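Asks: Listed below, chain by chain, are the residues.
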Amino acid sequence: MSVTFEHKKNGINTENEMKRRIAEIRRDFPILNRKVNDKPLVYLDNGASTQMPKQVIDTISAYHTYHHSNVHRGVHTLSQESTDLYEEARETLKKYINASSTKEIIFTSGTTDSINLVMHSYAKKFLKKGDKILVSNMEHHANIVPWYMLSKSHDVEIVVIPITDSGELDLDTFHDLLDDDVKIVAVNHVSNALGTINPIEKITETCRERGIITVVDGAQACAHLTVDVQTLGCDFYAFSGHKMHGPTGTGLLYGRKELLDVMDPYRGGGDMILSVSFDEIIYNEAPFKFEAGTPAIAQVIGMGAAAKYINEQDKKFIHSYEQKLLEYATDKVSDVPGLKIIGTAENKISLISFIIDGVHPHDIGTILDEEAVAVRTGHHCAQPVMQRYGIPATTRASMSFYNTFEEIDALVLALKKVTDLFDVN
Amino acid sequence: MMLTSRTKNLYQEVILDHNKKPRNYRVIDEPTHSAKGHNPLCGDRLDLYLTVSDDNVIQDVSFVGDGCAISKASASIMTTLLIGKSLEEAHEMFDGFHDLVTGKSEDDKALNNRLKVFAGVKDLPARVKCATLAWHTLNAALENKDEVTTE
Ligand SMILES: Cc1ncc(COP(=O)(O)O)c(C=O)c1O
Numbered sequence: 001m002s003v004t005f006e007h008k009k010n011g012i013n014t015e016n017e018m019k020r021r022i023a024e025i026r027r028d029f030p031i032l033n034r035k036v037n038d039k040p041l042v043y044l045d046n047g048a049s050t051q052m053p054k055q056v057i058d059t060i061s062a063y064h065t066y067h068h069s070n071v072h073r074g075v076h077t078l079s080q081e082s083t084d085l086y087e088e089a090r091e092t093l094k095k096y097i098n099a100s101s102t103k104e105i106i107f108t109s110g111t112t113d114s115i116n117l118v119m120h121s122y123a124k125k126f127l128k129k130g131d132k133i134l135v136s137n138m139e140h141h142a143n144i145v146p147w148y149m150l151s152k153s154h155d156v157e158i159v160v161i162p163i164t165d166s167g168e169l170d171l172d173t174f175h176d177l178l179d180d181d182v183k184i185v186a187v188n189h190v191s192n193a194l195g196t197i198n199p200i201e202k203i204t205e206t207c208r209e210r211g212i213i214t215v216v217d218g219a220q221a222c223a224h225l226t227v228d229v230q231t232l233g234c235d236f237y238a239f240s241g242h243k244m245h246g247p248t249g250t251g252l253l254y255g256r257k258e259l260l261d262v263m264d265p266y267r268g269g270g271d272m273i274l275s276v277s278f279d280e281i282i283y284n285e286a287p288f289k290f291e292a293g294t295p296a297i298a299q300v301i302g303m304g305a306a307a308k309y310i311n312e313q314d315k316k317f318i319h320s321y322e323q324k325l326l327e328y329a330t331d332k333v334s335d336v337p338g339l340k341i342i343g344t345a346e347n348k349i350s351l352i353s354f355i356i357d358g359v360h361p362h363d364i365g366t367i368l369d370e371e372a373v374a375v376r377t378g379h380h381c382a383q384p385v386m387q388r389y390g391i392p393a394t395t396r397a398s399m400s401f402y403n404t405f406e407e408i409d410a411l412v413l414a415l416k417k418v419t420d421l422f423d424v425n
Numbered sequence: 001m002m003l004t005s006r007t008k009n010l011y012q013e014v015i016l017d018h019n020k021k022p023r024n025y026r027v028i029d030e031p032t033h034s035a036k037g038h039n040p041l042c043g044d045r046l047d048l049y050l051t052v053s054d055d056n057v058i059q060d061v062s063f064v065g066d067g068c069a070i071s072k073a074s075a076s077i078m079t080t081l082l083i084g085k086s087l088e089e090a091h092e093m094f095d096g097f098h099d100l101v102t103g104k105s106e107d108d109k110a111l112n113n114r115l116k117v118f119a120g121v122k123d124l125p126a127r128v129k130c131a132t133l134a135w136h137t138l139n140a141a142l143e144n145k146d147e148v149t150t151e
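In order, the protein sequence lines correspond to chains A and B. Be aware that the first sequence starts at 1, since it is given in the numbering used here, and climbs by one per residue. Be aware that the second sequence starts at 1, since it is given in the numbering used here, and climbs by one per residue.
Don't take each hint at face value.
Stated by the list, open to error - Straight-line distance between alpha carbons at most 30 Å, and here's what the computed DSSO-like set of lysine-lysine pairs gives:
| # | chain 1 | residue 1 | chain 2 | residue 2 |
| --- | --- | --- | --- | --- |
| 1 | B | Lys85 | B | Lys145 |
| 2 | B | Lys122 | A | Lys39 |
| 3 | A | Lys124 | A | Lys35 |
| 4 | A | Lys152 | B | Lys145 |
| 5 | B | Lys21 | A | Lys417 |
| 6 | B | Lys122 | A | Lys416 |
| 7 | A | Lys332 | A | Lys257 |
Rather than coming from a laboratory, the hints here were simulated on the basis of the structure. Every value quoted in this text rests on a predicted model; they were computed, and no experiment measured them.
My request is simple: use the sequences and hints to build the entire structure.
Replies: And the structure:
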């Protein structure tokens, strides 16, 4: 192993101690025991979706077994219990991202839904013809398409913040692009296609001075970084439960209360109103006015359990461990013939996107799956990133704190089988 | 290095060879038919060109594009088989090939041996679209559609 382990730093004394702690974490994730093609699963597709620990699975199961009922409605015991559990999850998530109030925590169905909410409820109301929205070149389609739709319906202009060859935001150009017409800046905290961690605080500081609203897509950050929305200083922050070891069907939108208060709901129905008659409807306050209809109760409670699980980990330890995995993997994959890493920013999460000379990512993905190594191949819903680098697709290995150095070795061995078969030198 | 039997079945020598050195990989300047094929799942794209004579015989066929080994080899092998064939023969060939890669027929005696190298695809449903992209594009070109996506 070529990684050096710093002794007594972060309270981890030895390599063995580190491995022991990771083995203990792995025991929480039942799916990591399964086999694919008779080989132990090597799950390196955490960028697409993370696995759930048994604490989350058990919480969801207990909810279904003992408490299920609708929320915010009945006076009976079960309804009170499920409402309490649901609102407890809101409290846990509030702490998870250090929001100042649960009124700023809106449950959605995912990052995509959260960004659409901002587009419909904020941007449609406050932007006008000729206004501009800056969107970075490294966004996921979820942070592009809603703005594109708005540009068509409301005649606003989308301006692209370019990225450098290493996959970092070109901040000089970003500053040059700022003028009085810019009303929204939409960027991701971490790029899903490149792994880059963006300097959100710098961006929000500049935007605040100019009264520009910042919408941060935190889908890839929520499991890997400590997110503190007050320190980040953004106006909106969006992420998904299934990318932070919770279930699918859940997401969160953080919005500053002053903004949420003046926004209108974009979906109408039950639970989001104070009173309804055919003459007048009075909306509930935030966050409830944005949560029309019966929510994904069990899943939201599961997302709360996931946040709790991560909060109970030694975050310093798991963050430094993930960085060691990144260092190790970056070093090891460089031995694979013809391999080139796409995204070499200085600050990255534990994610490696790469291409191999003469081998299409789809073939790499199929052969790796035969070796039980799960990676993502394709454009990662970030086609403008692929266009920026002039490539159709990449292969992406995205790690989590439950991955091991041995799993990186398995990845590299499988990749060498690919280059052997395709005769890449 | 040890490969699984499924990997070996899928990536046969012939397929790897056509992937590396695709045949008829060029643009026909004034084709009688052409179409663009696109597989949105993996981003495969190919442009197909044909020259068909008045009596419905394929005089020339070529392609350019970007794709995985399966789709590229399939396109390349398809072009080598189609030159000189009638449109009717081309359709029959596609039907036989389609049955092979979707596992509908085990051993079609009439099927050209060069197409049989794709038999491994039937074990991997996700790759059927890669293998058939060129053929679907051929159909689109002959029906005078400009574009086809396999979804
Ligand atoms: C950066 C980023 N933004 C947005 C999304 C969309 O998340 P969801 O599909 O959970 O709404 C993803 C998921 O891949 C992502 O990686």
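Asks: If a hint holds in the structure, say so; if it does not, say that too.
Replies: Evaluation of the provided hints:
1. Lys85/B <-> Lys145/B: Given pair Lys85/B, Lys145/B holds - Cα atoms ~21 Å apart, limit 30 Å.
2. Lys122/B <-> Lys39/A: holds (22 Å)
3. Lys124/A <-> Lys35/A: violated (48 Å)
4. Lys152/A <-> Lys145/B: holds (28 Å)
5. Lys21/B <-> Lys417/A: Distance ~21 Å between Lys21/B and Lys417/A Cα, so the pair holds.
6. Lys122/B <-> Lys416/A: Holds, because 25 Å separates the two Cα atoms, which is no more than 30 Å.
7. Lys332/A <-> Lys257/A: Given pair Lys332/A, Lys257/A is violated - Cα atoms ~47 Å apart, limit 30 Å.
Going down the numbered hints, you'll see the structure goes against 3 and 7, while the others check out.
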